[in-house]
Each structure stands twice: as structure tokens, then as C-alpha cells.
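Protein chains: 2
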Amino acid sequence: MNLHLDRLSPTPLVQQLTDQLQAWIEHQRLRPGARLPSIRTLAKTHAVSPSCVIEAYDRLVASGWLDARHGTGFFVAERKPALPDAEQEAWGEAVDGSWRQFREGFDELLKLGCGWLPNAWRATDELALAVRQVSRGNPADLFDYAPPLGLASLRQQLHKRLERLDIPAGPERILTTHGASHALDLLVRTLLRPGDTVLVENPGYYNLFNLLRAHQVHMLPVPRTANGPDLHALERLLAEHRPRCLFINSLYHNPTGTSLTPKVAYRLLELAREHDLRIIEDDIYADFQEGPATRLATLDSEQRVIYLASFSKTLSSALRVGYLVADAPLTARLAELKMVSSIGTSRFAEQVVGQMLANGSYRKSVQRLRVRLAQHMAKLLGQLEGFGWEVFCEPYGGMFVWVRAPGRDFASLERLALAHGVLLTPGSAFDYQGAANEWLRINVAYAQDVRAQAFLREGGSPQ
Amino acid sequence: MNLHLDRLSPTPLVQQLTDQLQAWIEHQRLRPGARLPSIRTLAKTHAVSPSCVIEAYDRLVASGWLDARHGTGFFVAERKPALPDAEQEAWGEAVDGSWRQFREGFDELLKLGCGWLPNAWRATDELALAVRQVSRGNPADLFDYAPPLGLASLRQQLHKRLERLDIPAGPERILTTHGASHALDLLVRTLLRPGDTVLVENPGYYNLFNLLRAHQVHMLPVPRTANGPDLHALERLLAEHRPRCLFINSLYHNPTGTSLTPKVAYRLLELAREHDLRIIEDDIYADFQEGPATRLATLDSEQRVIYLASFSKTLSSALRVGYLVADAPLTARLAELKMVSSIGTSRFAEQVVGQMLANGSYRKSVQRLRVRLAQHMAKLLGQLEGFGWEVFCEPYGGMFVWVRAPGRDFASLERLALAHGVLLTPGSAFDYQGAANEWLRINVAYAQDVRAQAFLREGGSPQ
Chain A
9 MNLHLDRLSP
19 TPLVQQLTDQ
29 LQAWIEHQRL
39 RPGARLPSIR
49 TLAKTHAVSP
59 SCVIEAYDRL
69 VASGWLDARH
79 GTGFFVAERK
89 PALPDAEQEA
99 WGEAVDGSWR
109 QFREGFDELL
119 KLGCGWLPNA
129 WRATDELALA
139 VRQVSRGNPA
149 DLFDYAPPLG
159 LASLRQQLHK
169 RLERLDIPAG
179 PERILTTHGA
189 SHALDLLVRT
199 LLRPGDTVLV
209 ENPGYYNLFN
219 LLRAHQVHML
229 PVPRTANGPD
239 LHALERLLAE
249 HRPRCLFINS
259 LYHNPTGTSL
269 TPKVAYRLLE
279 LAREHDLRII
289 EDDIYADFQE
299 GPATRLATLD
309 SEQRVIYLAS
319 FSKTLSSALR
329 VGYLVADAPL
339 TARLAELKMV
349 SSIGTSRFAE
359 QVVGQMLANG
369 SYRKSVQRLR
379 VRLAQHMAKL
389 LGQLEGFGWE
399 VFCEPYGGMF
409 VWVRAPGRDF
419 ASLERLALAH
429 GVLLTPGSAF
439 DYQGAANEWL
449 RINVAYAQDV
459 RAQAFLREGG
469 SPQ
Chain B
9 MNLHLDRLSP
19 TPLVQQLTDQ
29 LQAWIEHQRL
39 RPGARLPSIR
49 TLAKTHAVSP
59 SCVIEAYDRL
69 VASGWLDARH
79 GTGFFVAERK
89 PALPDAEQEA
99 WGEAVDGSWR
109 QFREGFDELL
119 KLGCGWLPNA
129 WRATDELALA
139 VRQVSRGNPA
149 DLFDYAPPLG
159 LASLRQQLHK
169 RLERLDIPAG
179 PERILTTHGA
189 SHALDLLVRT
199 LLRPGDTVLV
209 ENPGYYNLFN
219 LLRAHQVHML
229 PVPRTANGPD
239 LHALERLLAE
249 HRPRCLFINS
259 LYHNPTGTSL
269 TPKVAYRLLE
279 LAREHDLRII
289 EDDIYADFQE
299 GPATRLATLD
309 SEQRVIYLAS
319 FSKTLSSALR
329 VGYLVADAPL
339 TARLAELKMV
349 SSIGTSRFAE
359 QVVGQMLANG
369 SYRKSVQRLR
379 VRLAQHMAKL
389 LGQLEGFGWE
399 VFCEPYGGMF
409 VWVRAPGRDF
419 ASLERLALAH
429 GVLLTPGSAF
439 DYQGAANEWL
449 RINVAYAQDV
459 RAQAFLREGG
469 SPQ
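For the record, the sequence lines run as chains A and B. Our numbering puts the first residue of the first sequence at 9, with every later residue one more than the last. Our numbering puts the first residue of the second sequence at 9, with every later residue one more than the last.
Same shape as in the complex, but just chain A (with noise of 0.2 Å):
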């Protein structure tokens, strides 16, 4: 393959790449199933990064000319699309980078920086068993429409659960949801309007910034320290200006893994107090703790903590289940939209969560998990320090390690990372503006694969 890419053109070389490999399928008169280079491969041989080779396989993914196959590559598609190129560029622009891990196609890297568990860490036997059950139980679980505030049995589950975690919520202020991003979708829509200023954990969770800058809500970002958000900034914030709320995430914070003290979480909710501030916590890790933890619902008297979670992380992320609690006239307000907005959850995935909690199996799984994570977490966290990375702080359990490389961009990073077959999530993702930084996001479940292994040794030594 010979492509020109000029790099003093206008055209970002993105676009000339996308561009080059299409007119050469098309010249090439290449076969349906025909292979490409893998992306290691391509960059090299064209000496461009390994991002930009990734964008344009994902633009002729998502315009027809390529397939993407599970684990072994790129190949050109069946048939070829007719589509005019304006709708080409108009893809690759919208559906990108943000997106790049859900995108199916880049199975043959490890996504050392991504967001959830490996399936082989999840409950397949009992999921199975669970989905197979409500098949042969209630029709109405298969058919039905779910009522606007979920399935009671799921929220009568739902609220013992949160009795074990000392948050008094009947099952009249909970309420169900596609997943715990559709929460704070619910929240944003309901608690505020275009202009309105909100405080944010920076760094902090991308898609809530992604949501705040689709609704037009300014973003206050109160620094991350290893106790918690950084109450000196905080003060100062609140003392300028009249922010609505805050998000936050109490425990194993994504993505520093760092969790909330007793003393930061007092404070935090006296200056709320103080400053008539509603707290949005978002608690989508809680299950991958035992025991006491820190957490905002708990110790808030005032029902000023709107409190969110998800079995995304812990069960299963294609269900879309998860579920807020808020007072109860706002948990109606929030019913009311989730109806007007898609008629409500799925009744048959809520019956199957519904009924893990009730077996037990679901905590069976979840118990495993923490085993495993905890395993994962502590052997890691010597190896990072004996392979030379510098770890922001030692989280003391959950998915996530923030670290960097002395000396190293995230350029440099990626680059070493795509070599071992590594697919990296860039701190920038997780920056409320988008800023670059050297910091990483390490799922701590993948690192003991040989391919990160061999990338985490390289890049914390000195080059």
C-alpha cells in the first residue's frame, strides 16, 4: 500500500488517510473480506500515529467500506456503500473519538483504560440463569411496559440494599433507569436550565462533562485530592459564585480511584448546608466495596444528596439498568420525564437484576469480583512502583489507578502502547475542558495481561 499524506495540506491528515485507503479499496478492486494492515502496521509504514490511523479505519467502519471482526482486524466490507462524501466527513466528525471504546471493531487491542470489568470476570452462569428464568416465569415480564417509577420488586430490592448501606429511602423515592447516565440525563434536564453553573470533580467522569456541555451548564471544576474534592478551591467557588449542585463520586472515584473521608465528606456537606447546594452523588462503584465506606447519602439528614447508581459495572453493562433516589416530589418530577422521554425501562432487564438481588446470586458475584479486584488492585500497585510510575494515589480498592510516566507525554504513551497492542484512554478524557496531561487511567483488571505488562515495564523506565 502507498499512500500520500501531505502534511502541509489543509486537509487534516485524518481526513487525507480516510480518504487514501478508500480511493485505494476502490482502485485496488479489493475483494469483500479482503485484510488491511493492522494498525501497528499502517502507522508505521506511513509514520503517522496510531490515533489517526484508528480515526480513519472508525470513519470507513461507520461509512460501509470496512468491517471490523471480532479480535482479528479490518476488512473490506461486503458491499460498498454509495453514499456522497459529505455524509462520509459528517460521520467520522460526530461519532469519534469520545466513542472509541464502545465502537465495535478494536478487539484485537487491549483497552488497558477502559471503563468495565472483562466478561470473563462476569457472572456469564448466573446472568444466564437469571435471563433464562424470567423467559419461562410471568408473561408480563417478557411484554409488558414497566410503570413510571420502575418494577416494585426490583425497588423494593433496590431498598434494602441502600438499608445496608444506611440510606433511608423507600421504594417511593427510588426510581429506575437506563443506567446511571441517564440519571444524571433525568437530573440535568429537570434541576437545570442553559446557563446555569455547576460545580464538577476535575478530573472527573467525561461523558457527565459531555452531558453538562450538551444541556449548556457552565462547569466549576474543584480539583480531585486524594481525600476527596479539594474544600480550599471549593470554598472559594461557592463563595464567587451560586452554583446549583455538585457531582461527585464518593467512592473509587473515576478516574483517580481515590474515596471520600469522614472529615472532607462532614465538611462538604455543612458547606452545602451553608450554601443551599444540592450534591449529585454518583455511587456507580459502591458494590466493588464491603463494609463501612464513606458516602454522602449516608450521613445527609437534609435529603439535600441525590444519590446515584448502576449495575453496569458490577453485573452487566447491556442490561441498562440503574436507579437514583431523590425526595420524593422530585423523584415524581423525574419519573414523570423518564416516561415522556421513552416510556419508561425495560420491564424484562429490571425483572432480571430484580430477581439476582433476591436470589442472592447477585451478591454471590459481586463478592467474587471484590476477591479479584482486590488481588488485581494490590499486585499492580508493586508493580507500578517497581516499574518506575508515579501513582497518584493508592486507592484502596475499586477498577481504577491514576498514574503517569516520568519524562512521558501522552504522545509518547500511545505510541509505546499501540506497539504492545494496547489501546490507552488519554487523560484529556477525563479533563472538564479537554485538556492535555500526562495522567493515565489504569482498569486494574487488565493489567496483568502480557501485552500490558510489557507496555507498563517500557514506559516506567527512563527513555
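It is possible that part of the hints are untrue.
[Said to hold, decoys possible] Distance ranges between label pairs, derived from CB positions:
no. : chain 1 : residue 1 : chain 2 : residue 2 : range
1   : B       : PRO176    : A       : ARG15     : 36 to 44 Å
2   : B       : GLU278    : A       : SER17     : 37 to 45 Å
3   : B       : SER17     : A       : THR198    : 28 to 36 Å
In case anyone wonders, no lab produced these hints; they're calculated from the structure. Note that CB positions come from ideal geometry on N, CA and C, so glycine has one too.
Once you have looked at the hints, place chain B on chain A.
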């Protein structure tokens, strides 16, 4: 039970009834599980409307005082809630009337006006089989997030289905959604701003009206005639306003059951071109029709029509699988919003539907449905004529007939229906402003039930 309702009090009757039932439960120290009077009995003995009793029971279920049991009635709940009164009121206010059909607990009543088929008509064995097959298949379908546009294999099947309808749309223009209402929500959020004006059919889909209202979009009503939207009214509105788009059901319109004629469709597209109007065609009842039908998306040569549909009516409302077809740049923007607002759809549910499309079991099940619906439609139309009802226009298929009984208003019909154990949906629910009228939507699938027959026979006779 002896309740004292004060018709001169400023407190609404529903609230009086709710409060007094609650007090009565407390004072009688009723055991959990004790059964309450039926809706009919209570309405009769206290001379209130059945709607009023339904609403009160509904509020008490929502606030945790009562349990609603499948097919049997209302019972004192296991544990009494300890909630301040304010919360209970808020409850009843928000999640009430319009979602009544979606609440658990009214199974004792026949939902003659509801918007879905009985479970007994559905493809239980086929769906359960597909669910079990997916549970034994690729673990990715049990666990992974779906890609932004939706699962490629499902979109490929949808592409084939659309080809059969002569709607040209490659998989890259197809976006899966959590049902058709979610598709409408994504479109409204992406295409419209508060203060914009749109055209809606009147009567029409009540949740679309709710959605547009929630988004502060102004609605201009176009009367629905037997042949589609009233073109004279439409032309007048187009001359006077600059609406952003028109929302329409071409086939088996909800609630009137009427279908667009080719002549009206052609003129509609001409008008859309002249006035640069987008059309959003909700084809959710598509699969109740086989063979040629008039669809705007089929005739459209300019990608002016956005097409949407779902599997909620024909296969399962519990899975929440729908989709839309738009031009590629818009599809990409909608995919971005879909990810931002809920990180996508359920991969599991999409795999189940995709499999049933691929193996033909979906096609066979809707063939059965079509025959059964056609038989029931023919039978009911004959009965309605015999019983003295007026039919808006005899539908040639689908699920709905729009009828009225000479000399009867809704209140009178509702009383009669409840006396026969039948729950109606008022015509006002389908008016864009909720205006009262005497029309009813009848779902043909429920009309041969002995309760429906008794109601229809008596309702059509002169009083």
C-alpha cells in the same frame, strides 16, 4: 366503610378520599393483606366517579399504604409508610392520570382503550426462545455496551426490512433507540428549541404532546381526516407560521386508525418542499400491514422525512427496542446525544430482536398478529354498527377504532364502562390541549371480551 366527603370543600374530592382512606386504614388497625372494596363498590357507595377512586387508590399504592395485586384488587400494605403528608401529595400529583395504564394494580379492569396487544396474542414461545439463545451465545451480548448507532447485526436486519418497504437507508443511517418515544425525544432535543413551532396531528399521540410541552415547543394542530392530515388546514398554518416540522402517523393513525392516501401523501411532500418543512413519520404500526401502504419515507426523494418505528407494539414493550432513520449527518448527531444521555441502548435486547428478525420468527409472529387483528377488526366494526356506535372512519387494519356513542359524554361512558369492569381512555388524552370530547379509542384486541361486549352493547343504545 363510612367516609365523609365534602363536596363544597376547597380540597379536591380525590385528595379527601385519599386522606380518609388512609385515616381509615390507620384507625381500623387493619392487618396487612386486608382487602379494600373494589373500585366499583366504593364509587357506588360514596357516589363518586370511578376515576376518583382509581386516582385515590393509585396515590395510596404510590405512597406505600396499599399493595395492588395482579388481577385481584387492592390490599393493605405489609408495612405502613412513615412519610410526611407533603410527600404523599406530591406523589399523587405527578405520576397520575396519563400514566394510569402503565401503573401496576389495575389488572382487575379490562383496558379497552389501551395502546398495546394482550400478552396472550404475543409470540411468547418465540421470544422466550430467542432470549434463551442469546443467553447461551456470545457473552458480549449479555455484558457489553452497545455501540453508538446500535448493534451492527440488528441495523443490518433493519436495513433489509426497510428495503422491503422501499425506504432506501443503509445501516449508517439507522440509529437504534429505547423505543419510538426515545427516538422522538432525541429528535426534539436535537432539532427544536424552546419557543419553536411544530405541526402535530389532532387527535394524536398523547406522549408526543407531553414531550413537546416539556420542551416548551408550540404545537399547531392539524385535524386528522380519514385520508390523513387536513390539507386545507395545513396550508393555512404553513402560510401563517413557519413551523419547523410536522409529526405524523401515516399508517393506522393513533388514535383514529385511519391511513394516509397516496394523493394526500403526494401533496404533503409537495408542501413540505415548498415550505422547507421536515416530516417526522412515526410508523410504529407498520408491521400490522403487509403489502403496499402509503408511507412518506418511501415517496421521499430528498431525505426530508425522518422515519421511526419500534418493536413495542408487535413484539415486546418490555425490551425497549426502536429505531429511526435520518440523513447521515443528523443520525451522527442523534447518536452523540444518545450516548451522552444514556450511554446507548441495551445490547442484549437488540441481539434478541436482531435474532428474531434474522431467523424469521418475528416475521411469522406478525403474520399471525395481522390475521388475528384483521378478524377482530372486521367483527368489531360489524358489532359497533349493530350496537349503534358512530365510527370515525372504518380502518383497513391496525389496532384502533375511534368511536362515539350518540348522546353520551365521556363521564357517562366511563361510569357505564366501570360498571362492566372496563377501563376507558378518554378522548381528551389524544387532544393536543387535553380538551374534553366524546370520542373513544377502542383497541380491537380487547373488544370481544365479555365485559367489553356488555359495555359496547349498552353504550350504543339510546339512554
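Verification of the hints:
1. Restraint check, PRO176/B to ARG15/A: a C-beta distance of roughly 39 Å satisfies the suggested window 36 to 44 Å.
2. Look at GLU278/B against SER17/A: about 44 Å separates their beta carbons, and that is inside 37 to 45 Å.
3. A beta carbon spacing of about 32 Å between SER17/B and THR198/A agrees with the range 28 to 36 Å that was offered as a hint.
Of the hints listed earlier, there is not a single one the structure fails to meet.
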